[in-house]
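The listed protein sequences correspond, in order, to chains A and B.
Residue numbers 0 to 254, in numbering that gives the first Met the number 0, belong to the letters of the first sequence in order.
Residue numbers 0 to 259, in numbering that gives the first Met the number 0, belong to the letters of the second sequence in order.
Since the hints were derived computationally from the structure, they do not count as laboratory data.
Note that the structure is predicted; figures quoted are calculated from it, not measured.
Ideal Cβ positions, reconstructed from N, Cα and C, are used throughout, including at glycine.
Please note that the accuracy of each hint is not assured.
[Unchecked claim] One-sided and incomplete, this derived list gives chain A residues near chain B with beta-carbon spacing under 8 Å:
id: 1; residue: Pro46
id: 2; residue: Gly47
id: 3; residue: Trp95
id: 4; residue: Ala108
id: 5; residue: Ser112
[To be verified] Some chain B residues near chain A, calculated using beta-carbon distances under 10 Å:
id: 6; residue: Tyr34
id: 7; residue: Val81
id: 8; residue: Val156
id: 9; residue: Phe164
id: 10; residue: Val175
id: 11; residue: Lys189
[What the hints assert, rightly or not] Okay, derived cross-link-like pairs now, DSS-like style, lysine-lysine, Cα gap no bigger than 27 Å in a straight line:
id: 12; chain 1: A; residue 1: Lys56; chain 2: B; residue 2: Lys4
id: 13; chain 1: B; residue 1: Lys250; chain 2: B; residue 2: Lys151
id: 14; chain 1: B; residue 1: Lys250; chain 2: B; residue 2: Lys95
id: 15; chain 1: B; residue 1: Lys250; chain 2: B; residue 2: Lys4
id: 16; chain 1: B; residue 1: Lys151; chain 2: B; residue 2: Lys4
id: 17; chain 1: A; residue 1: Lys56; chain 2: B; residue 2: Lys250
id: 18; chain 1: B; residue 1: Lys94; chain 2: A; residue 2: Lys113
id: 19; chain 1: A; residue 1: Lys190; chain 2: A; residue 2: Lys113
id: 20; chain 1: B; residue 1: Lys151; chain 2: B; residue 2: Lys189
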Amino acid sequence: MEPASQVILQCEHLSRSFRRPDGSMYQVLGDVSFSVHENEFLVLFGPGQCGKTTLLKLLAGLDRPDGGTVKMNGQPVAAPAPSRGVVYQTTALFPWMTVMGNVSFGPLAQGLSKEESRRRAQYFIDLVGLHGFENHYPNQLSGGMQQRVGIARAYCSNPQVLLMDEPFGHLDAQTRYMMEEELVRIWQEEKRTVIFVTNNIEEALYLADRLILLTDCPAVIRREYPIRLARPRDYVDPEFLHLRQEISRQMDPAQ
Amino acid sequence: MKRKKKYLWLSVLSVCAALGVWELVTDILQLMPSYMLPSPAAVVEAFIYKLTGGVNPDGATLWQHISTSLKIALGGYTAGVVIGVPLGIAMAWYKKVDLFVKPLFDLLRPVPPLAWIPLLILWFGIGYSAKVAVIFLSAMIACVVNSYAGIKQTRQVHIWVAQTFGASDLEILFRVAIPTAWPMIFTGLKTSLGSAWMALVAAELLASTSGLGYMIQMARQMGRADIIIVGMFVIGVIGSLMSGILDLLGKKFVHRGGSK
Ligand SMILES: Nc1ncnc2c1ncn2[C@@H]1O[C@H](COP(=O)(O)OP(=O)(O)OP(=O)(O)O)[C@@H](O)[C@H]1O
Ligand SMILES: [Mg+2]
Numbered sequence: 000m001e002p003a004s005q006v007i008l009q010c011e012h013l014s015r016s017f018r019r020p021d022g023s024m025y026q027v028l029g030d031v032s033f034s035v036h037e038n039e040f041l042v043l044f045g046p047g048q049c050g051k052t053t054l055l056k057l058l059a060g061l062d063r064p065d066g067g068t069v070k071m072n073g074q075p076v077a078a079p080a081p082s083r084g085v086v087y088q089t090t091a092l093f094p095w096m097t098v099m100g101n102v103s104f105g106p107l108a109q110g111l112s113k114e115e116s117r118r119r120a121q122y123f124i125d126l127v128g129l130h131g132f133e134n135h136y137p138n139q140l141s142g143g144m145q146q147r148v149g150i151a152r153a154y155c156s157n158p159q160v161l162l163m164d165e166p167f168g169h170l171d172a173q174t175r176y177m178m179e180e181e182l183v184r185i186w187q188e189e190k191r192t193v194i195f196v197t198n199n200i201e202e203a204l205y206l207a208d209r210l211i212l213l214t215d216c217p218a219v220i221r222r223e224y225p226i227r228l229a230r231p232r233d234y235v236d237p238e239f240l241h242l243r244q245e246i247s248r249q250m251d252p253a254q
Numbered sequence: 000m001k002r003k004k005k006y007l008w009l010s011v012l013s014v015c016a017a018l019g020v021w022e023l024v025t026d027i028l029q030l031m032p033s034y035m036l037p038s039p040a041a042v043v044e045a046f047i048y049k050l051t052g053g054v055n056p057d058g059a060t061l062w063q064h065i066s067t068s069l070k071i072a073l074g075g076y077t078a079g080v081v082i083g084v085p086l087g088i089a090m091a092w093y094k095k096v097d098l099f100v101k102p103l104f105d106l107l108r109p110v111p112p113l114a115w116i117p118l119l120i121l122w123f124g125i126g127y128s129a130k131v132a133v134i135f136l137s138a139m140i141a142c143v144v145n146s147y148a149g150i151k152q153t154r155q156v157h158i159w160v161a162q163t164f165g166a167s168d169l170e171i172l173f174r175v176a177i178p179t180a181w182p183m184i185f186t187g188l189k190t191s192l193g194s195a196w197m198a199l200v201a202a203e204l205l206a207s208t209s210g211l212g213y214m215i216q217m218a219r220q221m222g223r224a225d226i227i228i229v230g231m232f233v234i235g236v237i238g239s240l241m242s243g244i245l246d247l248l249g250k251k252f253v254h255r256g257g258s259k
């Protein structure tokens with residue numbers, strides 16, 4: 000799949016440091032620059048603790064960089080906005096709201112009428128395969144179902160860009176494969192620009208149009224790979240395995 | 000459930016044993032003189048007498064005492080909740096309110112509400128107002144503390160979620176922070192009801208012309224242990240009735256999602 004040429008989100012020379020408890024600073028993001036094109040599925044792939052969540056928060060506008068800029072449609076990002084939906088690493092559903100309440104939260108906050116919000120929410124609940132679970136509370140759902148709600152909720156405020164932070168990181172392998180397949184189906188049905196963070200190479204290769212390989216802390220971009228495998232992809236396809244091997248070799252700190 | 004039923008006899012046994020010992024030391028062995036510990040039968044008799052309109056030895060029927068006490072307790076409690084809960088929420092949500100109120104609050108909090116009584120009597124006399132003020136103070140403090148703690152439990156990621164959806168600060172307060180805090184706020188409502196009731200009885204012991212606390216205080220002066228025990232019993236029953244009603248309300252209104 001060839002990415003559309005229109006750049007939608009762009010970050011230039013992003014850096015971010017945190018203060019350690021002892022007062023010294025340590026840098027989490029080095030100097031990160033990349034652009035994302037419309038309707039592209041971009042995967043940010045990096046080792047654990049390398050600063051992936053930190054980077055995604057900067058893109059979302061939930062945190063400010065020490066240096067560099069994030070621009071969306073040419074405008075600097077200064078605060079979180081509904082045009083950039085986020086699916087979080089841990090379950091971030093509101094436990095006191097039903098599935099319907101959670102998914103319709105976004106449109107309601109944006110001032111849509113109750114009926115319209117519910118109608119939209121119902122569409123995305125159906126899309127993620129949770130028809131019939133509208134009145135369940137999050138603690139009555141499995142981990143995989145909770146992340147489906149998270150995806151529906153992010154979609155429901157009609158964002159241009161979806162930021163996903165290891166949404167399947169806590170799921171067992173079986174559920175994870177299924178959710179990856181589901182995500183590709185949902186994305187093909189409702190095309191959006193997706194920036195997906197993961198530390199799982201299989202997942203990265205299964206999903207990505209383009210894969211950005213991040214280094215260990217402080218994270219900088221090591222390499223970029225366009226992934227031109229046909230969808231739906233096969234985990235044991237020779238080309239898939241070849242790419243997997245090559246990227247794994249790149250990741251090896253001995254190199 | 001079954002288990003509970005199976006061992007119900009144990010609970011029944013303990014109550015019966017206590018009543019038995021009481022009967023033994025009073026009527027049967029007469030170890031205690033009746034002006035110190037009347038027999039169970041005498042207490043029941045006193046209870047029926049007060050319940051059915053007897054005004055001795057304190058000048059009012061049981062129902063009049065109950066109604067005086069309840070009016071004061073509920074009046075002060077309601078005022079304490081209406082002011083304490085929003086204050087606690089505002090302190091937890093708005094840094095400036097916190098900085099403004101916290102020093103005063105920290106100064107007043109360690110003073111037991113009962114220690115206010117002498118000053119309040121000077122200001123309001125021994126009527127209705129002084130006691131309402133004491134109850135108000137004790138209920139308000141518990142409400143502030145619990146609401147504050149509840150709002151502070153709001154998860155950062157939930158605030159982020161709401162922010163990315165474009166919710167305003169006030170929307171986040173009402174749709175995210177307060178729902179998070181609701182179980183704690185409710186705990187505050189319960190604790191403060193309990194402390195309001197206790198403060199009330201104590202206040203009535205010190206300064207009153209009617210009410211349940213006054214009734215048992217008068218009974219002591221008259222040497223009527225039977226009326227004292229009746230009063231204690233009624234105070235206990237009303238206290239647990241009120242907390243039972245709040246529990247029922249809580250089951251109905253506190254969301255299920257976060258509780259498990
Ligand atoms: N607000 C913060 N204050 C201080 N240190 C932070 C903060 N946020 C992140 N860090 C630190 O930055 C480093 C990178 O964190 P980050 O969460 O971005 O990593 P990650 O790649 O998402 O990790 P994981 O794979 O476990 O999700 C960690 O060592 C973390 O402790
Ligand atoms: Mg992370």
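Do the hints match the structure? See the list:
no. : hint                   : verdict
1   : Pro46                  : violated (23 Å)
2   : Gly47                  : violated (19 Å)
3   : Trp95                  : holds (4 Å)
4   : Ala108                 : holds (4 Å)
5   : Ser112                 : violated (16 Å)
6   : Tyr34                  : violated (57 Å)
7   : Val81                  : violated (23 Å)
8   : Val156                 : holds (4 Å)
9   : Phe164                 : holds (4 Å)
10  : Val175                 : holds (7 Å)
11  : Lys189                 : violated (19 Å)
12  : Lys56/A with Lys4/B    : violated (55 Å)
13  : Lys250/B with Lys151/B : holds (23 Å)
14  : Lys250/B with Lys95/B  : violated (34 Å)
15  : Lys250/B with Lys4/B   : holds (22 Å)
16  : Lys151/B with Lys4/B   : violated (40 Å)
17  : Lys56/A with Lys250/B  : violated (38 Å)
18  : Lys94/B with Lys113/A  : violated (33 Å)
19  : Lys190/A with Lys113/A : holds (25 Å)
20  : Lys151/B with Lys189/B : holds (19 Å)
The earlier numbered hints that this structure contradicts are 1, 2, 5, 6, 7, 11, 12, 14, 16, 17 and 18.
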